[in-house]
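Fit chain to chain and form the complex, with the hints in mind.
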Amino acid sequence: MRRKFTFTFLMLLITFFTVFVSCEGCESSSNKEDADSDNTVVETEDQSSFYLIPSPEDLFEFTDDPKLIFTPTLLNGSDNVEKYIDNKSKEINFGIYAADLAYCAAFSKNQETVEYLHVVRNLGDKIGITAAFDESFAKRSESIDDNRDSLKKISSDTYFDIVRFLEQNKKTSTLCLISVGGWLESLYLVTNLVDKYDEKNITIQRIAEQRVVFANLILYLQQNDNIESVKNILKQIEPIQQVYESLQVVTEEEKSPTEKKDKIVVGGKTKIMMNEQEFKKLRETIARVRNNIVQNNVTL
Amino acid sequence: MKISKLSIVLLFLVAAVAPKLSEGQTLDCSKELRFVRAEPPFEFNSQSKSAVCTSGKTYELLISLYEGYEYRLSFSADAVFNNDMHFKIVDMNTSNTVLDLPGQSTSGEIGTQVLKSYYDRKEARTVQPHFDFYPESTTNLKIIITVAEKKTTAPAGTYDNSGKTKGCLTMLLLDKKVPIDDWEKK
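Going down the list, the sequences are from chains A and B. Position in the first sequence counted from 1, then plus 36, gives you our numbering. Position in the second sequence counted from 1, then plus 111, gives you our numbering.
It is worth saying that the hints were derived from the structure and are not from the lab. Take the hints with a grain of salt, since some may be wrong.
In silico DSS-like cross-links for lysine-lysine, where the CA-CA straight-line distance does not exceed 30 Å [stated by the list, open to error]:
{"no.": "1", "chain 1": "A", "residue 1": "317", "chain 2": "A", "residue 2": "267"}
{"no.": "2", "chain 1": "B", "residue 1": "287", "chain 2": "A", "residue 2": "189"}
{"no.": "3", "chain 1": "A", "residue 1": "119", "chain 2": "A", "residue 2": "188"}
{"no.": "4", "chain 1": "B", "residue 1": "288", "chain 2": "B", "residue 2": "227"}
{"no.": "5", "chain 1": "A", "residue 1": "305", "chain 2": "A", "residue 2": "232"}
{"no.": "6", "chain 1": "B", "residue 1": "253", "chain 2": "A", "residue 2": "271"}
{"no.": "7", "chain 1": "A", "residue 1": "119", "chain 2": "A", "residue 2": "271"}
{"no.": "8", "chain 1": "B", "residue 1": "233", "chain 2": "A", "residue 2": "236"}
{"no.": "9", "chain 1": "B", "residue 1": "199", "chain 2": "B", "residue 2": "142"}
{"no.": "10", "chain 1": "A", "residue 1": "145", "chain 2": "B", "residue 2": "287"}
{"no.": "11", "chain 1": "B", "residue 1": "142", "chain 2": "A", "residue 2": "189"}
{"no.": "12", "chain 1": "B", "residue 1": "253", "chain 2": "A", "residue 2": "189"}
{"no.": "13", "chain 1": "A", "residue 1": "307", "chain 2": "A", "residue 2": "271"}
{"no.": "14", "chain 1": "B", "residue 1": "227", "chain 2": "A", "residue 2": "296"}
{"no.": "15", "chain 1": "A", "residue 1": "299", "chain 2": "B", "residue 2": "287"}
{"no.": "16", "chain 1": "A", "residue 1": "267", "chain 2": "A", "residue 2": "316"}
{"no.": "17", "chain 1": "B", "residue 1": "233", "chain 2": "A", "residue 2": "296"}
{"no.": "18", "chain 1": "B", "residue 1": "168", "chain 2": "A", "residue 2": "189"}
{"no.": "19", "chain 1": "A", "residue 1": "267", "chain 2": "B", "residue 2": "168"}
{"no.": "20", "chain 1": "A", "residue 1": "317", "chain 2": "A", "residue 2": "271"}
{"no.": "21", "chain 1": "A", "residue 1": "307", "chain 2": "B", "residue 2": "253"}
{"no.": "22", "chain 1": "A", "residue 1": "119", "chain 2": "A", "residue 2": "145"}
{"no.": "23", "chain 1": "A", "residue 1": "296", "chain 2": "B", "residue 2": "142"}
{"no.": "24", "chain 1": "A", "residue 1": "307", "chain 2": "B", "residue 2": "287"}
So that you can see chain B by itself, here it is in the shape it has in the complex (with noise of 0.2 Å):
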């Protein structure tokens, strides 16, 4: 009888705790980028970054290009997002918009997303989509990147108390060289 109650008061306090405990875990998405490796030509930039989003937020991120290299830029998020995010990046020089694309498109097509991995033929392989960029001058870009609120169909995954979806993103960036005399030329 009373090995019961203390199970009752035991249970009572795991039932207590229990939230707590699981917002404890927190996600660790700098290690996402720790074993990249960029494919030559390209090598891996330094402002790559991997943090953790929340469903429903929108995040910006300000990079800086350099004239004389190329920049290749790519993202993954977790698969709890459903790839349900939308891409848009500015070119703070000019203030144009340079890409404005959802995560996922319906077409599926090759440019019309940013998330969702496609067969590439030629390569004979699935890739990520990627995105190239030339500066003809220095800049800053800024990416805007708009969560969507959780739907009820997304995966299981890591919750915030307000029952909100948490998971890595990671864009990936990589440059490559242009030579000197190129740039010279310009």
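Chain A on its own, in the form it takes in the complex (with noise of 0.2 Å):
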């Protein structure tokens, strides 16, 4: 009795260790089979480049310009969420809805902000990312209050949990979705801020140099473009970058450089120029892809 009770112990934790250790072993091969499915989990500890992109609320830090006008009817409406069926759809729908509670923000519209943040928590929970909100997001959504700081404080942490939840849990395709509707929103709002073409205001300025940080988005792209979702966002971005790479850049070699104590000065006198023309096709380049997006009208 004891024996056999030895050997089935014996058997038994046996077969523990072996399923253990293969499934640890498995554990990369498994993954790379479901890099085209839903939830893709793309073993990346390795990995060696980084390529970092500035989160929404960054490119609508200049909105405190006056003349700047909240238009709420850009918005992606929060009863679209019910369009979005996929996963694909619903992840990169998910950095659309994350620039646009960011926006929000940043113009200090509270009810906006809290429905944003709402319509953002939801989709979370539809695309799995529960966890990405920490607990006092509920709380923190309750208490929120007009200030602008507050606001912008609520959005930029919101961003930065989904973000550092999707790289621990290797979450790279959904993370490469969610960058590139952050970004197109981003741009989608701030390209229709603009009322009239002036060569010398700011925001036409900052939406020129966006060349330098959609290079770097295409970078991170590039990097993971064995993903099928991926691949196909680079596809959709693609009339974007040629209106990018078209623009010129010219060093203004005239100006002395700037000295400034204690800090390294970087980017040289290098200025993007982006003329009427090349900014509304810029524009409706943007918006067209935004759209179909938005109107789920792309496969990923």
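Right, here's the structure in full:
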């Protein structure tokens, strides 16, 4: 009886360790097989290049310019959430809503910020990133006040928590799509904030400079273009890339280098030029790509 | 007698799976930035990054700096690396190398090292080295970090199967806005 018990115990133990060890070993290969399925997990522990994309908040920083007006009709309506059936469209539109949230917060729009905070939260639940929203989320969204910095903090903390969660869980394809959605919506909103083209307008210059950030985003996507949805979104945003690449970059050599005590001066005297025609083309291209995504006319 | 045989079998099994178990202990570096608080007037920038690094490898980070902002960049690494790293920063607009320093220098002077903290007499406290950047134009910075091969003097830490040291490396990026008036005057 005792011998039988020992044998059974040993068999169970061996089975347990065999399963445990084989699961550890098969992790990366199964991840690769899942690369094109929803909730992609790609092994990136050995990643040696990191392309970091500024959050939508950073782009809306200059919105305290009194000339800029908050335009709620530009936002992706919260009722559109129901249109997004498959995970990929949910993920990319999650990025779009996250940018809408940042836009509302940047303009100190309390009611809209709360609304989009909840849209982001609900869509987050649907794409399986509920855990990205920390426990204090509900508390924070209830105690929200009109203070611009407080609204911005909630918006940026939420975005950072999501990125951190996705990186931690190696949900690369989700992070790629959210990054594209966030960047695209930010640019869509900012290009539409400009009422009239003026070469010296800071907002116009900031939009032109997005060429630099966009180049970073492209590199990040290309790093992960073995994922079908990432390859597809790269194709979708190609027209924007063409417009940005056509912009002229000039170096203002006549100016003497800036001296700043204890600071490392970078960037040089380069300026990305964008004339009225190019601006209009960029605005139209961004709107077309963005509207296709928002209206769920894109297969990822 | 039977029990001692069972013990041997168990011991054998545990010895066989022990390396796998230690390998399974993954480092969560993302938490390193979770509770970072920026010192005003600087604010936390979302391009800050913390990632797992391995000795003997080179890492590249590409970050975007906007004109109209000032940035403060600092790094920290797990003690397991003994500050044995090298940092190089290239401005992608001009291709100029704007920083080329070790984690810890022999002189230990301010501005000669990236990781080793120093005593700031003005502030009367130990501070982490930081580097302030002023972008004249929006640009990308390429940060190249070379982690030295593991040295025998390295303190106990996490190691992978090949005996390489693993730990967290954190890049903290802070920013502050330059008033639009100042920016327009340029």
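Right, here's what the structure says about each hint:
Straight-line distance between C-alpha atoms of residue 317 of chain A and residue 267 of chain A comes to about 24 Å, which keeps the hinted pair within the 30 Å bound. For the given pair, residue 287 of chain B sits about 14 Å from residue 189 of chain A by alpha-carbon distance, which is consistent with the 30 Å threshold. As the CA atoms of residue 119 of chain A and residue 188 of chain A are separated by approximately 28 Å, the hinted pair is consistent with the 30 Å bound. The straight-line distance between the Cα atoms of residue 288 of chain B and residue 227 of chain B is roughly 28 Å, inside the 30 Å bound, and the hint therefore holds.
Only pairs whose Cα atoms come within 30 Å are accepted, and residue 305 of chain A paired with residue 232 of chain A is accepted, the gap being roughly 26 Å. Under the criterion of a C-alpha separation no larger than 30 Å, the hint pairing residue 253 of chain B with residue 271 of chain A is consistent with the structure, at around 26 Å. Taking the CA atoms of residue 119 of chain A and residue 271 of chain A, the gap is about 22 Å. The hint holds against a cut of 30 Å. For the hint pairing residue 233 of chain B with residue 236 of chain A, the CA-to-CA distance comes to about 42 Å; that exceeds 30 Å, so the pair is violated.
The straight-line distance between the Cα atoms of residue 199 of chain B and residue 142 of chain B is roughly 25 Å, inside the 30 Å bound, and the hint therefore holds. Under the criterion of a C-alpha separation no larger than 30 Å, the hint pairing residue 145 of chain A with residue 287 of chain B is consistent with the structure, at around 23 Å. A C-alpha spacing of about 18 Å is found between residue 142 of chain B and residue 189 of chain A, which places the hinted pair at or below 30 Å, so the restraint holds. Our distance criterion of 30 Å between C-alpha atoms is met by residue 253 of chain B and residue 189 of chain A, whose separation comes to about 28 Å.
For the proposed pair residue 307 of chain A and residue 271 of chain A, the alpha carbon gap of about 28 Å is at most 30 Å, so the pair holds. Annotation: proposed proximity of residue 227 of chain B to residue 296 of chain A holds, straight-line Cα distance about 25 Å (limit 30 Å). Taking the CA atoms of residue 299 of chain A and residue 287 of chain B, the gap is about 13 Å. The hint holds against a cut of 30 Å. Between residue 267 of chain A and residue 316 of chain A the CA atoms are separated by roughly 27 Å; this keeps the pair inside 30 Å, and the hint holds.
As the CA atoms of residue 233 of chain B and residue 296 of chain A are separated by approximately 20 Å, the hinted pair is consistent with the 30 Å bound. Only pairs whose Cα atoms come within 30 Å are accepted, and residue 168 of chain B paired with residue 189 of chain A is rejected, the gap being roughly 35 Å. Proposed proximity of residue 267 of chain A and residue 168 of chain B is supported: the alpha carbons are some 28 Å apart, at most 30 Å. The hinted pair formed by residue 317 of chain A and residue 271 of chain A meets the criterion: a straight-line CA distance of about 18 Å does not exceed 30 Å.
In summary, the hint linking residue 307 of chain A to residue 253 of chain B is supported, as the alpha carbons are separated by about 19 Å, within the 30 Å threshold. Among the hinted pairs, residue 119 of chain A with residue 145 of chain A is consistent with the structure: their alpha-carbon atoms are about 26 Å apart, no more than 30 Å. For the proposed pair residue 296 of chain A and residue 142 of chain B, the alpha carbon gap of about 34 Å is over 30 Å, so the pair is violated. This hinted pair checks out: residue 307 of chain A and residue 287 of chain B have alpha carbons roughly 21 Å apart, not beyond 30 Å.
In this structure, the earlier hints numbered 8, 18 and 23 are contradicted, and the remaining ones agree with it.
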